[in-house]
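Using the hints, position chain B against chain A.
Quick note, the sequences are listed as chains A and B, same order.
Residues in the first sequence are numbered from 1 upward in steps of one, following the numbering used here.
Residues in the second sequence are numbered from 1 upward in steps of one, following the numbering used here.
If you are wondering where the hints come from, they were derived from the structure by calculation, not from laboratory data.
In this text the structure is predicted, and so the values were computed from the model without any measurement.
Think of the CB as a built atom: it goes at the ideal place given N, C-alpha and C, for glycine as much as any other residue.
Hints may be right or wrong, so weigh each one.
[Said to hold, decoys possible] Which chain B residues face chain A? A few, computed with CB under 8 Å, are given here:
1. Asp56
2. Phe362
3. Lys364
4. Asn458
5. Gly504
[Said to hold, decoys possible] Across the chosen pairs, the derived CB separations fall in these ranges:
6. Glu235(B) / Glu113(A): 52 to 62 Å
7. Asp72(A) / Ala218(B): 19 to 29 Å
8. His469(B) / Asn115(A): 27 to 37 Å
[Stated by the list, open to error] Here are the computed lysine to aspartate or glutamate pairs in the EDC-like style, where the Cα-Cα straight-line distance is at most 16 Å:
9. Lys51(B) / Glu155(A)
10. Lys180(A) / Glu70(B)
11. Lys345(B) / Glu155(A)
12. Lys87(A) / Glu541(B)
13. Lys78(A) / Glu27(A)
14. Lys279(B) / Glu320(B)
15. Lys24(A) / Asp40(A)
16. Lys84(A) / Glu111(A)
17. Lys84(A) / Glu541(B)
18. Lys180(A) / Glu41(B)
19. Lys180(A) / Glu40(B)
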Amino acid sequence: MKKEIQLTIDGNTIQVPEGTTILKAAESIGIKIPTICYHDYCTANALCRICVVEIEGSRTLIPSCVAKVSSDMQVKTKSERVIKSRKTILEMLVSSIDLSESPEILNMIDEYEANPSRFPDAERREHAVIDDNPMFIRDYEKCILCWRCVQVCAEDAQYTFAINFSGRGYETQINTFYEKPLPETSCVFCGQCIGVCPTGALKPKREWLLQDGYQPEEIMLLTRTQRKKKTKSSARPSSGGSHE
Amino acid sequence: MVKFDLKPLSDSLLDFIPEGRSALLPALHAAQQLYGYIPEEAAHLIADSLKVPLADIYGVIDFYTLFFREPVGETVIHVCNDPACALAGSDTIMKVVNQKYMFNDSVENFRPQITIERAPCLGLCESAPAMLVQGKPAIGKNITNWEELITGGGSPPQPIVSGDIEFLTANCKNEHVTNLEVYVQGGGYSSLQYALSIPPAEIINQVKSSGLVGRGGAAFPTGVKWEGAARETDETKYVVCNGDEAEPGTFKDRILLEKDPHRILEGMIISAYAIGAKKGYFYIRGEYLIAYERIIQAIDDAKSANYLGKNILGTEFSFEIEVRRGAGAYICGEETALFESIEGKRGFPRVKPPFPTVSGLFGKPTVINNVETLANIPLILSIGVEAYRSIGTEKSPGPKLFCVSGDVQRPGLYEVPFGVSLHHLILDLAGGMKEGSTFHAALIGGAAGAFAGEDHLNVMLSFEDLRSHGLPLGSGVITVFDESRDMIDICHRLAHFFADESCGKCYPCQIGTKRQYEILSRINQNRIDPEDQQRLIDLAETMTDTSLCGLGQTAGSAIVSAMKLWPHLFKPQTVV
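In isolation and in its complexed conformation, chain A is listed as follows:
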């Protein structure tokens, strides 16, 4: 039986078991703290910092997804400082990445009144779609570096270790050994990474083709090679424009 810890969140004094995160403690009384990189079944790394909260006596804001409750903690989940930071982080994010398929983040941008053009002349992370296998595509222009794919490929689920990072800082990208195509890596095409990707950066090939206007029958007609090599228009059999 775990010890109960008493703390106050936004004026509500509650008791939760020792070891509970602030995020879960807040959730238990219906207070929703926004999250982006957090996933219930992946290791939390406190990367996005959207879930920060203000804790009395603390110099900086604290990421609620990893910080544990402690006795008599006074937590504010919507203080002015918290809201300002979330807003600025969202403005940074939207200045860098294609969020068109991330409705949850887009909603947050509305909710926090973040200005999508806050940073004019911002260099965006632009990458060509990587279409190197018949199963899924990698569109790193949409990647928010939440690390979930790397983690499920490694110790969080699959123990395959096909992907890691290249570069660092703003230039960081999810990558393979010497940037090889996935079929030349240890990837087993289990699809776990696609399952946890929150932004459409990883997408099943079929979904991608359907979005591009293909009919299911058309996709069936594509040969394996055509599916593999498909680029936006070239693989369409009717256009005869396969690269083969």
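Just chain B now, with coordinates in the frame of chain A:
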């Protein structure tokens, strides 16, 4: 496809195999030493030998700037581009080196002769403008011709080491390196002997009472840190020396390591005895090749004299030290990122808590101390707490090293008691401003610090007085600028430094440092948007409030301080 003879690499890997992934950085250094870069085949072999996933190896290679994944020139030249060297003309050096290179090389050459890299602060600020040629320091003003440059010729830097006192720098002032014999003759290792004769708790008490706080920048009380680790019951504990000095403008640890390596070792051995550690790691910045070699030599000598190894000086206490060389990453000076680096990973800082004294290197209780901090330990034990506390001020006891660079007559390392004025340090000790120039500003604490103006010259260099003036002590950096200097250019370089060195883990720092750099680039080109000031403030506040580690938390501080001192520089210029 070029074929590589992997035999020499597989031979050298034999030594590393028992250590597994923790030997990854040493193995990559070995491969690069053999092939000039890290070919895919070599990375593959290392992965197989150390049992590290291939993708992870690539992630590590690409994280550290001193590792090359593609062929580079036979001579690699790093030209420092940070403030102190910029003041001394590093832009010109970069230009000349590049021009020379263009004329000296034919495009058909598959492998170019020379690779030129723009480098972050190389810790040679007192000898600015600085370069590394094949890892060895070369001083711009000592090099007279092209041959000298590419062969690493020219005379090596001779830093000025001076000050009001000489407790920590007594052995650093001559041209000789303090070898074991000289060190022992001067009373060296007597503090260790004394320490081994008293209970560990008593040492911790003395260090606590001395009031020593960490000299790496965070100023955490050293004795409290040791006490925390000593309390842990785990059989395995570690002590780590943080020699990853990389704060722009800092070179104190390099000089200590190069000139007086045994003093640091002595401090480290005492810390291990105090907390009950049997193994330690000495992590030295990748750019500090000379310091790395000196420490390895000093460890060998200390082992032969039984100051290290089994049953040290006939006691029950045994302790060994392994050395790790960094590979170009400022972030690895952050203690948890440094642990990751020793463990053979990308230098991503960890979420704290847990703190290192509970769960540090390899998840074990760990004490990690800065080089200068450890240099204070033998001193405290030899002169006693009372005498130690009589140096400096009541709230900032002890001696302190300051790295003075920039527009002063005698840039160098100065040892003073805490509490002397900035005025004394710059105008008396460092000889005042260069001929014909007047003081404009000083950057205190490095890139992560803040600018001080003329009004601050009377501030006392102690934690309490600096804090009351809104200035950080940091690691003891004072970079001085005269009235002719373009402060926006300096801010632009600081912003570049952080954008380059951000590890990319947390969003506010990963993106914020980039946006900050872009805005400063715009201001530097005099294309100032009226909202840029507010953008910079919001970025800095958000980075400070929400970044995962100290790098992001301080990435905006110097720029914000510049905006307070010189707001007009950040506003659009009105056309006259």
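Cross-check of the supplied hints:
no. : hint                              : in the structure
1   : Asp56                             : holds, 5 Å
2   : Phe362                            : violated, 16 Å
3   : Lys364                            : violated, 19 Å
4   : Asn458                            : violated, 28 Å
5   : Gly504                            : holds, 4 Å
6   : Glu235(B) / Glu113(A): 52 to 62 Å : holds, 55 Å
7   : Asp72(A) / Ala218(B): 19 to 29 Å  : holds, 27 Å
8   : His469(B) / Asn115(A): 27 to 37 Å : holds, 35 Å
9   : Lys51(B) / Glu155(A)              : holds, 15 Å
10  : Lys180(A) / Glu70(B)              : holds, 15 Å
11  : Lys345(B) / Glu155(A)             : holds, 15 Å
12  : Lys87(A) / Glu541(B)              : holds, 12 Å
13  : Lys78(A) / Glu27(A)               : holds, 14 Å
14  : Lys279(B) / Glu320(B)             : holds, 5 Å
15  : Lys24(A) / Asp40(A)               : holds, 10 Å
16  : Lys84(A) / Glu111(A)              : holds, 12 Å
17  : Lys84(A) / Glu541(B)              : holds, 9 Å
18  : Lys180(A) / Glu41(B)              : holds, 13 Å
19  : Lys180(A) / Glu40(B)              : holds, 11 Å
The structure fails to meet hints 2, 3, 4 from the earlier list, while all remaining hints are met.
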